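The lines below spell out each chain.
There are 2 protein chains.
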Amino acid sequence: MSQLSEFLSNKHHENVEELKELLQIPSISSLSEHKEDIQKAASWISNKLKNIGMEHVEIIQTKGHPIIYAEWIHHENAPTVLVYGHYDVQPVDPVHLWETPPFEPAIRDEKIFARGATDDKGQMFLHIKAVETLLESEGKLPVNIKFCIEGEEEIGSPNLPHFLSENKEKLTCDVVVISDSDMWDKGVPAITYSLRGLCALEVSINTANSDLHSGMFGGGVQNANHLLVQLLSSLHDVNGKVNVEHFYDDVEELTEFEKEQIKALGFDEEKLKKSLGLTDLTGGENNYPYPVRISSRPTLEINGLWGGFQGEGTKTVIPNEAHAKITCRLVHNQNPEKIQGLIKKHLEEHAPIGCTVKVSLGDTGNPFLTPIDSPMIQKAAEAYQNVYGKSPVYKREGGSIPIVSDFSHSLNAPVVLMGFGLPDENLHAPNEHFHLENFDKGILTICSFLELIEK
Amino acid sequence: MSQLSEFLSNKHHENVEELKELLQIPSISSLSEHKEDIQKAASWISNKLKNIGMEHVEIIQTKGHPIIYAEWIHHENAPTVLVYGHYDVQPVDPVHLWETPPFEPAIRDEKIFARGATDDKGQMFLHIKAVETLLESEGKLPVNIKFCIEGEEEIGSPNLPHFLSENKEKLTCDVVVISDSDMWDKGVPAITYSLRGLCALEVSINTANSDLHSGMFGGGVQNANHLLVQLLSSLHDVNGKVNVEHFYDDVEELTEFEKEQIKALGFDEEKLKKSLGLTDLTGGENNYPYPVRISSRPTLEINGLWGGFQGEGTKTVIPNEAHAKITCRLVHNQNPEKIQGLIKKHLEEHAPIGCTVKVSLGDTGNPFLTPIDSPMIQKAAEAYQNVYGKSPVYKREGGSIPIVSDFSHSLNAPVVLMGFGLPDENLHAPNEHFHLENFDKGILTICSFLELIEK
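Residue numbers (full-length UniProt numbering), protein chains in the order written: chain A, 1 to 455; chain B, 1 to 455.
Hints are computed from structural coordinates only; laboratory data are not their basis. One or more of the hints may lead you astray.
Heads up, simulated EDC-like pairs for lysine to aspartate or glutamate below, C-alpha to C-alpha not over 16 Å straight-line [said to hold, decoys possible]:
| no. | chain 1 | residue 1 | chain 2 | residue 2 |
| --- | --- | --- | --- | --- |
| 1 | A | Lys315 | B | Asp211 |
| 2 | A | Lys315 | B | Glu202 |
| 3 | B | Lys48 | B | Glu33 |
| 4 | B | Lys315 | A | Asp363 |
| 5 | A | Lys273 | B | Asp268 |
| 6 | A | Lys40 | A | Glu58 |
| 7 | B | Lys315 | A | Glu202 |
| 8 | B | Lys273 | A | Glu58 |
These numbers were taken from a predicted model, which means no experiment stands behind them.
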């Protein structure tokens, strides 16, 4: 480890200069005027992969932006690691808030500032650098490696799931490693072992064949807004619990170890309340602690709600339609389609008299969980310990990254999320940056991980 | 009566030709390009009033369009009648749906088609014609008369209340007569003796200092939409009754006579349901019959409702604000400001934990009622009986005409609404028209009314 560390410290300047080259390419996936930049970034990475000794490097065109594939498979009995990352970045607006231009990487206080620095060019590139380091210093890799780097993550990976399901053979692996997440804090590594899933629905109430005038009909006919309020009020009980039958049936309680982890990490309630401008953190199931509720419990949120007149002043209308948009965050073992069905059934069964209730089903995304005690998670923890001198924190994230569960489902392999970003590195915002300490230590941690799983 | 009738029938052609002249003036109050037409209509009417022998005729300029005043006061001991009407009209869009141009009056099937024919030029003009008829045939009027004709009724009479309160002395009278409403049916006259009042409120829920991401905070913080639903669901009970304390305190039950009237008039439930596209007529207080609920009971309607995301697709947002617009229809003896206060108090007292509730107060309008057994209503009924050979139907209307209660409050006189329009005369719509039979009979009915109240 100390040998590799010395090797890398001599390469620090060169590695950072190369990262700068990649960060200079404005590969914004959502803006069509950057289509050529996307291709440029893809070429740059595929050349880099070739140069370090990766084999069968391909730029695979999709209906959108290309996916880069590369492999190094020289072992028959060693495990195969698939590295996923993305080379596309978010737009840069509002550009006037950047201290230095977003595509002119600048180093200040040992941080590199540029769009994509932490999300995800910097974190993706350190895997390439780890492979290069091992190949240069050892002449070979301890395990087999595959890279799958996409260019559409910031626009929702529309073409990746199809690519995964069409290329299961090619992508076969024993573990998927993704570095596109956070550490817990400076010097404190973290492994995200769980993400919530998602399902969406829209419900519409319809009453009369047109809006009606309350002077002529007020008191006589149903008001779609009233019925929507009545229907939606049935979705939660007074304690914030979701009131849909069987909603919680498949939810597993946290293990004692997980509960202890969450308790040990603590949580500054007063600080959070102040930053959000809230007087209290109610919301959701009040019998669970806040950190559990936002990460490990399913939710049902009314994201949107509308009916009738929203303009200035007064309109004495009895609206004949009203609508709500609903999404659920779902946890491990819940099935998004099943939950959609339960909610649809609830809404239809609770339909008030005098209206039609129409429920349409939206997106779904599976929840993800790799158990903390799974071998690959434990090897990742050991690698962090080797480099950072500290066991990682085990995190459940409340958000959803559908591609993570896509990988886990399509390839039937554990996914390990080894983040090297820090929570305040402004991803998706002006002055995005990446701490170079974690760039260096990240390379070393990945080297260590690959060596640890060799056997 | 038969003498007057003969007199009028000789004048039929002349009277209709004069009405046509007035209907040719496009006095649309809401469109500034018709400002000159408004003045033209005012001049036309004031000249007419002078020509028939009315005195002290004035065109009184306001901040908006002018009010025409005229009087004939020759009796010391006879009652004084104030006639209110309006010479402004609605816009004519969509103009291509008119069978003949809206300002080229045309007669088909004994109806006169033009914008303003029934609302209100035709109905207002028949009062002028009644006065002319009596002065020409008798040389004097049986009572004192004042006219107050405005040009802003279709834009909400913004300047009339001020004019009324500033000119109480000048407008002193024993009864206000307004013909700007409907008969019950062809051949069946009606007196509208009650209108509902109105009050408006808006309620806003605010939680965190910005919208929050449900992946990071979902299950942990309050969702403004949920809290709004919770708050609004407290406003009605399961039977559609308004659940605000003291809301019904001042509401009077219908008299037995009123209940019988409503029952006798009947109501075709199946026909109404079919025309509205409804399967049932629930809504409002289910323990009252539909015709009572829409005319004689107060309501609380959520006219508008909104919070969070309303666009296409899905947005996993926890909205930090949500809003609702509320209006109440109020009945005789309820005070709009008091009711606003009660609802505000209810909303504030039911404020859910974890948010601020802000209630802002909007417009108010007083309810109106002249008791059926009041002498002026009974004289009007007798006049109808004389001309139509039928007692009028006594109607409570569910809508609000704030100026009616303004007259009744400012002048402290009973208001009698003697309508000569028919319910299907397309007011505010293309092909507005007025049945000439009711123009003629209207003149005669007003003559009869003036003679009846002489003593």
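Cross-check of the supplied hints:
Straight-line distance between C-alpha atoms of Lys315/A and Asp211/B comes to about 28 Å, which puts the hinted pair past the 16 Å bound. A threshold of 16 Å between alpha carbons decides the hint, and for Lys315/A with Glu202/B the separation of about 12 Å falls inside it, so the pair holds. Taking the CA atoms of Lys48/B and Glu33/B, the gap is near 25 Å; set against the 16 Å cutoff, the hint is violated. Annotation: proposed proximity of Lys315/B to Asp363/A holds, straight-line Cα distance about 11 Å (limit 16 Å).
This hinted pair does not check out: Lys273/A and Asp268/B have alpha carbons roughly 58 Å apart, beyond 16 Å. A hinted pair counts as satisfied when its Cα atoms are at most 16 Å apart, and Lys40/A with Glu58/A qualifies at roughly 14 Å. Distance check on the hinted pair: Lys315/B and Glu202/A sit about 12 Å apart at the alpha-carbon level, within 16 Å; holds. Taken as a hint, the Lys273/B and Glu58/A pair is broken in the structure, with Cα atoms around 66 Å apart against an allowance of 16 Å.
Hint compliance for this structure: hints 1, 3, 5 and 8 are broken, all remaining hints hold.
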